[in-house]
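Enquirer: Sequence:
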Amino acid sequence: MNTRTKVGIDQLCIGMHVKLDGWVGHPFLFSSFKIKDQKQLDTLRSLGLKEIEYLPQKSDAKPLPMPAQPAAPAAPAVAATALNELMKQKKERIESLRQEMEQIQAAERKYVKTANAVKNVMRLANNNPAQAAEQASEIAAQLSEIFLAKQNPFIHLMGDNASDSSSHFHSLNVTMLALILAHAVGIEDAQTLRDIAQGAMLHDIGKAMVPSQVLLKDEDLTPSETKLLEMHPGYGIKLMQPVETLPRRVKEIILFHHETADGSGYPKGLKGEEIDQAVRIVTIANTYDNLCNQRVSARCKTPSEALSFMYKTEGAKYDKTLLSAFIKSMGIYPPGTIVMLKSGKVGIVMSIDSSDLLHPNLMLYDAAIPKNQAAIVNLRRDLDDSVDRTLRPSALPKPVFDYLSPRKHISYFVENAGSA
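With the first letter of the sequence shown counted as 1, position 315 gets the number 314 in numbering that gives the first Met the number 0; the numbers rise by one all the way through.
Think of the hints as simulated: they come from the structure by calculation, not from any bench. Even glycine gets a Cβ: it sits at the ideal position worked out from N, Cα and C. Keep in mind that the hints are not guaranteed to be accurate.
[To be verified] Below, computed lysine-lysine pairings styled on PhoX-like, alpha-carbon distance capped at 25 Å:
| # | residue 1 | residue 2 |
| --- | --- | --- |
| 1 | K61 | K49 |
| 2 | K33 | K250 |
| 3 | K87 | K57 |
| 4 | K109 | K35 |
| 5 | K61 | K89 |
| 6 | K267 | K250 |
| 7 | K206 | K216 |
[Said to hold, decoys possible] Label-pair restraints from in silico Cβ distances:
| # | residue 1 | residue 2 | range |
| --- | --- | --- | --- |
| 8 | M65 | A394 | 37 to 45 Å |
| 9 | A105 | T4 | 38 to 46 Å |
| 10 | L147 | E273 | 37 to 45 Å |
| 11 | K5 | K38 | 21 to 29 Å |
Put together the whole structure using the sequences plus the hints.
Expert: Put into structure tokens, the structure is as follows:
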């Protein structure tokens, strides 16, 4: 528990962690922070405060002794000019934050629109597989264009209001993740990217023929139920094989997306290079999404836990080069990860720029800032801070949990950096 005490403004020094009242009446982006340089110290002294709240446990330095005589204040005109300039900079930063939040909301709208189009593909598949394949091809072409641009992909975390556990959201997630991985390993051929996207979108099309009591069961499946579930690739290819316009690679993704590099997969127990690269890509994307988004929330892994599990526990099942590229492309802290910074601040990773994976964009908890105005900050640009560790959502105090709203379903949408 952090002890708080008041100290005189003249006792402040670099390394002390202070807390200001409110958020509007000062030029700092946060109300609670560690004083890092003389400029911040001078700004605090220019606010006209006689004393300020100090948090010893978060500080690297102790307060200075109370001076016999108060320090001479800066000339009022000079202090006011400097403070006004800092307040102006804060307002500009707030406007920039507002625009960034609008970009996230715009990405969510695009995601929902695309998910609805994928949902329509799923509805069509049983009765009109050729039309379903055609519509899936059109969506795949649109999504592939993002990765054909020369800008680096920008990966956004979607809100729970934009996604749920429905099969079409899973199909879209796997499509986005597969394209992220394909881009990461240098696939630039437009047709190959479209095939990967279309195959990822249709990979679970055969699940429509699996009994719902098996698909929706929360407990572990019995051996006979597992056999029923494992029939879905065969059902899918039976449905889509007659579609002559469907590329061979897409059909292989539908049939073989549960094959593994070590031969332990199904339906044929293929190994390594016997499995097309496009299939191996979708397998990794599918597994990651399944680990993060299970029907029983208690079984869900955090994004970083899912990557660690795939690498350390199940590494033999995946193409090592592809898995390493996937982990690198998602970053050390994938969107959706809850992190604690070395300063003690807690936040959720909202997006990552594939060209700067060590410095994600975070939404940070600050009780003094209204949730709808929460700061989206970049570790490189805005903070002299770094990640200390990741946290499970269940470890968060209720006020922090409610503020950050950890996602029940981890969903991503990608834009190129030029439009993000």
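Enquirer: Each of the hints needs a verdict: does it hold here or not?
Expert: Hint check:
no., hint, verdict
1, K61 x K49, "holds (18 Å)"
2, K33 x K250, "violated (57 Å)"
3, K87 x K57, "violated (29 Å)"
4, K109 x K35, "violated (40 Å)"
5, K61 x K89, "violated (28 Å)"
6, K267 x K250, "holds (15 Å)"
7, K206 x K216, "holds (14 Å)"
8, M65 x A394: 37 to 45 Å, "holds (40 Å)"
9, A105 x T4: 38 to 46 Å, "holds (45 Å)"
10, L147 x E273: 37 to 45 Å, "violated (29 Å)"
11, K5 x K38: 21 to 29 Å, "holds (23 Å)"
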